[in-house]
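Listed below are the residues making up each chain.
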Amino acid sequence: MSLARTTTALTGAAGLLALAACTSSGGTSGTASSSATAGGPIAVQATDSQCGVATATAPAGTITFQVQNTGSTVTEFYVYGAGDRIVGEVENITPGLSRELKVEITEPGTFTTACKPGMVGDGIRAAFTVTGTAQPGSADQKVGKAIADYQAYVAEQSTELVAGTEAFVAAVKAGDVAKAKSLYTPARQPWERIEPVAESFGDLDPKIDGREDVVEEGLPFTGYHRLEKDLWVDGLKPDSSAIADQLLADVKTVAEKATAVDFTALSIANGAKELLDEVATTKITGEEERYSHTDLADMKANLQGSQSALEVLRPVISERQADLASALDQAFTTISQALDAFQKGTDYAPLTDLTPDQVKDLTVRLDALSEQVAQVPAVVEAGAGGTPTS
Amino acid sequence: MTEPQSPDPQPATGVSRRGLLGASAGAALAGAAVGFGGGYATRASAAPVSEAAPATAQASLDASIPFRGEHQAGIVTPAQDRMHFVALDVVTKDRARLVDLLKKWTRAAERMTAGAEAAPGGVVGGGPYGVPQDTGEAYGLSASGLTVTIGFGPSLFDDRFGLADRRPAALQELPPFRGDDLDPARSGGDLCIQACANDPQVAVHAVRNLVRLGFGVVSVRWSQLGFGRTSSTSTSQATPRNLFGFKDGTRNIKAEETQAVDEFVWVAPSDVPGAASWMAGGTYLVARRIRMHIEVWDRTNLREQEATIGRTKAVGAPLGKEQEFDEPDFAKQGADSQPAIPVDAHVRLAHADNLNGVRILRRGYNFTDGSDGVGHLDAGLFFLAFVRDPGKQFVPMQRALAEKDVLNEYIEHNGSALFACPPGVREGGYWGDALFA
Chain A
1 MSLARTTTAL TGAAGLLALA ACTSSGGTSG TASSSATAGG PIAVQATDSQ
51 CGVATATAPA GTITFQVQNT GSTVTEFYVY GAGDRIVGEV ENITPGLSRE
101 LKVEITEPGT FTTACKPGMV GDGIRAAFTV TGTAQPGSAD QKVGKAIADY
151 QAYVAEQSTE LVAGTEAFVA AVKAGDVAKA KSLYTPARQP WERIEPVAES
201 FGDLDPKIDG REDVVEEGLP FTGYHRLEKD LWVDGLKPDS SAIADQLLAD
251 VKTVAEKATA VDFTALSIAN GAKELLDEVA TTKITGEEER YSHTDLADMK
301 ANLQGSQSAL EVLRPVISER QADLASALDQ AFTTISQALD AFQKGTDYAP
351 LTDLTPDQVK DLTVRLDALS EQVAQVPAVV EAGAGGTPTS
Chain B
1 MTEPQSPDPQ PATGVSRRGL LGASAGAALA GAAVGFGGGY ATRASAAPVS
51 EAAPATAQAS LDASIPFRGE HQAGIVTPAQ DRMHFVALDV VTKDRARLVD
101 LLKKWTRAAE RMTAGAEAAP GGVVGGGPYG VPQDTGEAYG LSASGLTVTI
151 GFGPSLFDDR FGLADRRPAA LQELPPFRGD DLDPARSGGD LCIQACANDP
201 QVAVHAVRNL VRLGFGVVSV RWSQLGFGRT SSTSTSQATP RNLFGFKDGT
251 RNIKAEETQA VDEFVWVAPS DVPGAASWMA GGTYLVARRI RMHIEVWDRT
301 NLREQEATIG RTKAVGAPLG KEQEFDEPDF AKQGADSQPA IPVDAHVRLA
351 HADNLNGVRI LRRGYNFTDG SDGVGHLDAG LFFLAFVRDP GKQFVPMQRA
401 LAEKDVLNEY IEHNGSALFA CPPGVREGGY WGDALFA
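These protein sequence lines map, in sequence, to chains A and B.
Every letter in the first sequence is one number past the one before it in the numbering used here, and letter 77, counting from 1, is 77.
Every letter in the second sequence is one number past the one before it in the numbering used here, and letter 358, counting from 1, is 358.
Hints were generated in silico from the structure; no laboratory data involved.
Note that this is a predicted model, so its numbers are computed, not measured.
Beta carbons are placed, not taken as given, at the ideal position from N, Cα and C, and that holds for glycine.
There could be a bad hint or two in this list.
Said to hold, decoys possible - Okay, the calculated bits of chain A under chain B, using three or more residues with CB under 8 Å as the criterion:
#	region
1	81 to 90
2	114 to 122
3	366 to 376
Said to hold, decoys possible - Looking from chain A toward chain B, a few residues come up when the C-beta cut is under 10 Å (computed):
#	residue
4	74
5	76
6	78
7	269
8	363
Construct the complete structure from the given sequences, taking the supplied hints into account.
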C-alpha cells in the first residue's frame, strides 16, 4: 500500500483528533470517580429486553455511565460512534452487578448506546446526543511534534540515500565490480528505511526498485536490481552506465519529493506497519535480493525504519496505551537479537545460508512484532475514526 | 456433561479490557488483566445441550455449550461434526507471557463458545483505522456447539517454565509401536487446542483467533482438520462411520456412563499426589494421525472387510450376532469351526474383555488432506482418545493392535502426540491456572 493513498485519505485528519475516548474500570455502584459529568453518572438499567439510559444527552467531556444489570443473563454496554466504531464498552456485567463506563467525547454529535444481553447480536440500541465541545487530551497535542520529527528523519534518510547511491553509481560507471558490490547494500539501506514513503511516487518506484518479473509490461528492467543482476550474475553490460545514471537521477527526484510529503500520525504508523509487511512478503522470502542474497541487510533496514517511525510516535502511544509501547520495545528487541546473530562485520550472512528452522524462527519473531505494530494506527488515530454521526 | 457452576453474584474483578483509545486507559487496566470474573450468557440462560430438549434438530446444532465447569468441555460433550486441532510450540521462555496468553485465550474462547466475537466489537468496532480484533469469518453464525479444549504436552514440563516438578507421572512420551511411520512435523507439541463445532467455519475461526492472540508466545507446529466425527460420545447419538465405511466407536464410553467416565477418563486426585495435583479432574489426550490406504481397502471384498473389522458392514453387529449393540461373543464358532470373530480382527483386539477390562473414550474425526502425490487421497482417521492414564489404557491397547491387527495392512500411524488436558475452568479462573499457581 502506498503512503500516497493513505495520505490522501487522511488529508487534514491530523488536526482533527477531536474525539478521544477511553474506557475505565469501575467496581460496584457507589465508586463513581470524581471526574464524572456535572450531573453525575448516567444510570443505565439493563435487563434481558430493555436498555434504560436515564438521559439521552450530555455535554462534551468525560461522560460516565453506571450500568446496572437487573436481568438474568450476562450483559455488555456499548457507546458507538459512526459505523459502529466503539467509543467505549464494558463487558461481562453479570446479573445483579453494576459497572461504570467512562468515555471522553470532545466534539458534539449523535452516538448510539446499546445493551447486549447474552453478548450476541446488535444489542438494544438508542441514540445519544453530545452537545458542545471540550478540550482534547494532551496526546493530541503531541501528534504535531511527532509529525515534525518524522519529517526530519525522512529528510536525513533522503540525504543519505542520494549520497550512498552517488558512490555506488560512480563505482558501477568506473567498472569496479568489487567496489560496486560493496557499496550496493549501503546505498539501499536508507531506501529500505523509508520505503513506504520512497515507493509512493507512482512511476519512480518500478524504475528504481522494480524486480525483473514484476516490471510492468513494456517497461525496461532498470534500477538497483538490474545493476544487482549485472554485478552478481551477468557482468556489467554496455548500458550499465546509462542505467546507473538514470538510477541516480530518479533517486534524487524521490529524495526531493520525500521531503515534501505531508505526514499524519496515521500515515507514519501505517508506514511502520508496511515496512514489516515488506519484510514478510519480499525479504524473508528472498525475493527482493535474489542475485546478491543481501536480504537480511534489507530486513535490518526495514526494521530500523519501522522502529524509527514508531519512536517519533512514542509520546502519543505511551500516553494512550502505555503497555503497547513496552510490548513494541520487547518485540523489536526480540527480532533484532535474532537478526544480529547473522551479522558478520558490517554485513549480514546471505539469506541462502540460513536453515529452514532459522527462517522459521525469524518468521515467528516477525509475526509477534507485526501483531503489535498493527495496533498502532488505531491508537494514534483514536479521534479521526470516530467522527460522530450527525 | 458437566454441570454449570451457579452464577457468582460478585465476581472478583471485571472491567472493560478495551484500553485502545483512552489516555487514562492504561492505568485503569493495569489491575484488570485477570478479570475473568463472572460467566457468560450460556451459563445463565441455557442448560447443557445434553440435558436440554431442543425444539428442533437445528436448534441443537446451533446451541452454545457452557465453557466453564468441573471438567473442560469437548471431552464428554456429544461429539460435534467438525474439528480443527492444532499443536503449538511455545516460542518464548518467559513464563509470565505464557500465563498471560492462557488468560487471553480463556476470555476469547469463552466468548466464542457463546457465539460472540473474540473481543467486544471485534469485527468492526475498532473503527476504520483499527485492526479488527476478531477475524470475522464466524460473524453472524451461531455458536454451533463450539467447544475449545486445551492440553499441555510433555515438552512443556522441561526446564523453560519451572514446571518440571509438576509433570504428572502419566504424562510420558508415547513409546514407539510396531509399524509406526511418524513424521516429526505431525507429532508432538508443547500445547494443543481442540476446537469442535457443528459448523467447520466456527471451529476454524476459533483456532485462528487463538493462534493470532499467541503470536510471539506460541507458533503452530501442526494442524489437522476433521470433517466428520467417527465416534459417538453420548447414547443420544447414532454411531457414525469411518472412511472404511464401518460404524466406528460402537463400544465407546458414553457420557451417560458416569461410572465408566470416572473410572477411565477423569484423573482422580489420588492419581496425582503432590505437585501434580493440578491435574485432578483433567484427562490425557492421545492424538494419532492414521493414514488409511482407502484405495487398497476399497478393492477388498466384503467378507474380508468384515472379517478384518469383526463387525458386519451394514448394521455394525459383531460377527455372529444380529444387532450393533449386541455383546460380541469371542468364543462363538462359525460353520467352518473357526471363531466367528477372527483372532486378529480389530474388535477382538481392541475389546475391553481382551485388555483386562480397559476402555478409552474415543473422539476422532475423518480427514482427507489433499493427495499423496502418486494419485491417492491422503485420507484417514485422526484418532483422538481421552484417558485417565495413557500408560495403562492407550499403550497396552495400541501394542495389542500394532502386533496383531489385520487392519494394519490398510493403515499406518504417521502422527502422534500426547497432552495433559487440565480440569475445567472455574469461575474467575483461567485455563491451567492451577498448574501455574
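For each hint, the structure was consulted:
1. 81 to 90: The restraint on the region 81 to 90 of chain A holds, since 9 of its residues have a Cβ under 8 Å from chain B and three suffice.
2. 114 to 122: holds (count 4)
3. 366 to 376: Coverage by chain B holds here, the residue count being 8 at a Cβ distance below 8 Å.
4. 74: holds, 5 Å
5. 76: Because about 6 Å separates residue 76 of chain A from the closest Cβ in chain B, which is inside the 10 Å limit, the hint holds.
6. 78: holds, 7 Å
7. 269: Hint on residue 269 of chain A: holds, closest Cβ of chain B at ~9 Å, below 10 Å.
8. 363: holds, 8 Å
When the structure is compared with the earlier hints, no violation turns up for any of them.
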